[in-house]
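Asker: Just need the whole structure built from these sequences, with the hints factored in.
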Amino acid sequence: MGDLLFYLLKSGCYLIIFYLLFKLLMSGTTFFRFNRVTILAGIIGCMFLPLIEFTTQEETFLTVPLQTIQGIFVEQADGIFWDTMFWVRPQVDETGNMQAINWCPIALGYVYLAGGLFVLCRILLSFYRMFQLIRNGKRRSYGKYKLIVVSEPISSFCWGKYIVVSVSDYSQQSTDGILLHETMHLRYRHTLDLLCMQCLLILYWFNPAIWLLKRELQEVHEFEADNGVLNTGIDATRYQLLLVKKAVGTRLYSMANGFNHSKLKKRITMMLKERTNRWARLKLLFVVPVMGGALYAFAQPEVKEDLGLNTVREVLQSKTGEDQDIFKFVDDEMEAYYNRSPKNAELKYKIRERQAHIVKVDANGQLTLNNKTIAKEDLKEVLKKTMVEHKRLAKEKYNSAEDQVGGVLFSPDTPKEQVKDLLSVMRDAFVEIRADIAQTSGNNSKEYLDKEFPILIGYGDISIKDRKKNPYNNSTTMKITGIHLKLLSAAGKVEKEITNFTLAELERDLKDFCTLQGDKKNEITVSMKVDKGCEMGIVTDVKTVLRNNYLLKLNYQ
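Under the UniProt record's numbering, the first residue of the sequence shown is numbered 1, with each subsequent residue one higher.
Watch out, some of these pointers could steer you wrong.
Said to hold, decoys possible - Calculated pairs, DSS-like style, for lysine-lysine (alpha carbon to alpha carbon, straight line, at most 27 Å): (1) Lys-266 - Lys-283; (2) Lys-263 - Lys-245; (3) Lys-246 - Lys-144; (4) Lys-385 - Lys-446; (5) Lys-283 - Lys-146; (6) Lys-23 - Lys-263; (7) Lys-416 - Lys-397; (8) Lys-23 - Lys-266; (9) Lys-245 - Lys-146; (10) Lys-283 - Lys-265; (11) Lys-245 - Lys-161; (12) Lys-532 - Lys-328; (13) Lys-532 - Lys-493; (14) Lys-265 - Lys-420; (15) Lys-529 - Lys-511; (16) Lys-343 - Lys-372; (17) Lys-380 - Lys-479; (18) Lys-246 - Lys-328; (19) Lys-263 - Lys-273; (20) Lys-245 - Lys-265; (21) Lys-420 - Lys-384; (22) Lys-451 - Lys-384; (23) Lys-486 - Lys-529; (24) Lys-451 - Lys-493; (25) Lys-446 - Lys-343; (26) Lys-451 - Lys-395; (27) Lys-532 - Lys-360; (28) Lys-328 - Lys-479; (29) Lys-360 - Lys-529; (30) Lys-343 - Lys-416; (31) Lys-451 - Lys-385; (32) Lys-23 - Lys-10; (33) Lys-245 - Lys-273; (34) Lys-420 - Lys-479; (35) Lys-511 - Lys-420; (36) Lys-384 - Lys-397; (37) Lys-343 - Lys-328; (38) Lys-380 - Lys-328.
In short, the hints are calculated from the structure, not lab data. Remember, it's a predicted structure, so these values are computed and weren't measured experimentally.
Answerer: Structure below.
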């Protein structure tokens, strides 16, 4: 639905531009048949223009607004959610609310469908009333058409092969002029034009341009029918007096052609007007550069194909030192990304599935990347190509610069060293992609690279889907000896040390500590030393307890 709404928005903008150009250039000319074809062809052209793929070297003034609107319309609920501890599938958040659903395009979709249904019902009701008259009226032959005489005091109209007049009109001497006018509508097949416009009204009911173009088309129909009547040799003055006489009355059927449909003054003025010079049709050529400019304004910036896969790899930004803790590195990079802008911070809560590249390691050490088995030695190269390709496709398909996110999911008994190795491989993949971008662009500043391809890596327990029932991997009474915690004040003073604890004891101690600290608890930093060989499931449990007590500043030793 989001794609359809965005298409309707773009084609609707083209319709508005086309209407303004037609009103400025061609309205009021005597090219009745030409104007009729122009309106219909112009509408069809406006519907096809958004389907044309057009790219530019640089962004236009509409690029950012269009990307924003497209992000609202097209964003799908295909995400997985992220917090600083673990990955979660798009289920529910802690309050029980769905976060993965983007309600904006859904709500707009329902509004659009409701509006289209309302217009459709009006059209069908008008059709029903019209055919009720046709069915109940007295039928007579009028050349190759069917003449329907009805007792209701209506204005005459025609539809298909039927001409409908009231008894009072049929009994008057002016009947020939009325019938001749309606015959012209049928001869020129105006019914097909109006039927087409009714369908377009259902599709573009929200766009004032389509209603105005329909009015312009109906006026052209009346001008063309009047011109056809005068060309038969009928006295022009007598016909114009007939128009004045029949000008009083209302139309009941918006989809039918009627004798006094258009404004009387316009119709008489057009009959008296001198024929427009035929070269005036060339004014319509002005539409070409204007629509070309509009197409350029709506164009997407060109996506560079050599985002880093086709250049010689040369690391222009140094890797993180091997002596630096990988857990701290990925946490710091993620936190820095969140702090750069409010939009970046949204990544805490939702990530589109097409952005995520998840490496899972089971209890047997088997690796999968995005649910496909992979060898560790192939992981880095495959990950690099996958992330670059997904970013390129997101730019082409959604016109969105979607940052790519890597993640490692592990079983509770996975050794910490194995998780560190996988995180290091994932980090190296990001660093080498950034090096390629730096070489291609000639800009190797960290600020630029963080904008173009930020390092976003997370890790968590693969069994997190069961956290609602049991928030921990291990028993809350099991003694934990492989982790040493220090709670540090803003000045670096050790306020409390915790060792040899159970999860239940840790929960209780931290709760008491935070109560004593009051507002100062937000300044507390937790230093966590993890012994080599400590299972990652235990580390995750301890971090969960810390997070539950809002101790979010964490340093590893």
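Asker: Each hint: holds or not?
Answerer: Each hint tested on the structure:
no., hint, verdict
1, Lys-266 - Lys-283, "22 Å, holds"
2, Lys-263 - Lys-245, "13 Å, holds"
3, Lys-246 - Lys-144, "25 Å, holds"
4, Lys-385 - Lys-446, "22 Å, holds"
5, Lys-283 - Lys-146, "41 Å, violated"
6, Lys-23 - Lys-263, "17 Å, holds"
7, Lys-416 - Lys-397, "39 Å, violated"
8, Lys-23 - Lys-266, "15 Å, holds"
9, Lys-245 - Lys-146, "25 Å, holds"
10, Lys-283 - Lys-265, "26 Å, holds"
11, Lys-245 - Lys-161, "26 Å, holds"
12, Lys-532 - Lys-328, "16 Å, holds"
13, Lys-532 - Lys-493, "26 Å, holds"
14, Lys-265 - Lys-420, "84 Å, violated"
15, Lys-529 - Lys-511, "21 Å, holds"
16, Lys-343 - Lys-372, "31 Å, violated"
17, Lys-380 - Lys-479, "38 Å, violated"
18, Lys-246 - Lys-328, "86 Å, violated"
19, Lys-263 - Lys-273, "16 Å, holds"
20, Lys-245 - Lys-265, "13 Å, holds"
21, Lys-420 - Lys-384, "18 Å, holds"
22, Lys-451 - Lys-384, "17 Å, holds"
23, Lys-486 - Lys-529, "9 Å, holds"
24, Lys-451 - Lys-493, "36 Å, violated"
25, Lys-446 - Lys-343, "19 Å, holds"
26, Lys-451 - Lys-395, "15 Å, holds"
27, Lys-532 - Lys-360, "21 Å, holds"
28, Lys-328 - Lys-479, "25 Å, holds"
29, Lys-360 - Lys-529, "25 Å, holds"
30, Lys-343 - Lys-416, "32 Å, violated"
31, Lys-451 - Lys-385, "19 Å, holds"
32, Lys-23 - Lys-10, "20 Å, holds"
33, Lys-245 - Lys-273, "21 Å, holds"
34, Lys-420 - Lys-479, "24 Å, holds"
35, Lys-511 - Lys-420, "31 Å, violated"
36, Lys-384 - Lys-397, "20 Å, holds"
37, Lys-343 - Lys-328, "23 Å, holds"
38, Lys-380 - Lys-328, "21 Å, holds"
Violation of the numbered hints given earlier is confined to hints 5, 7, 14, 16, 17, 18, 24, 30, 35; the remaining hints are satisfied by the structure.
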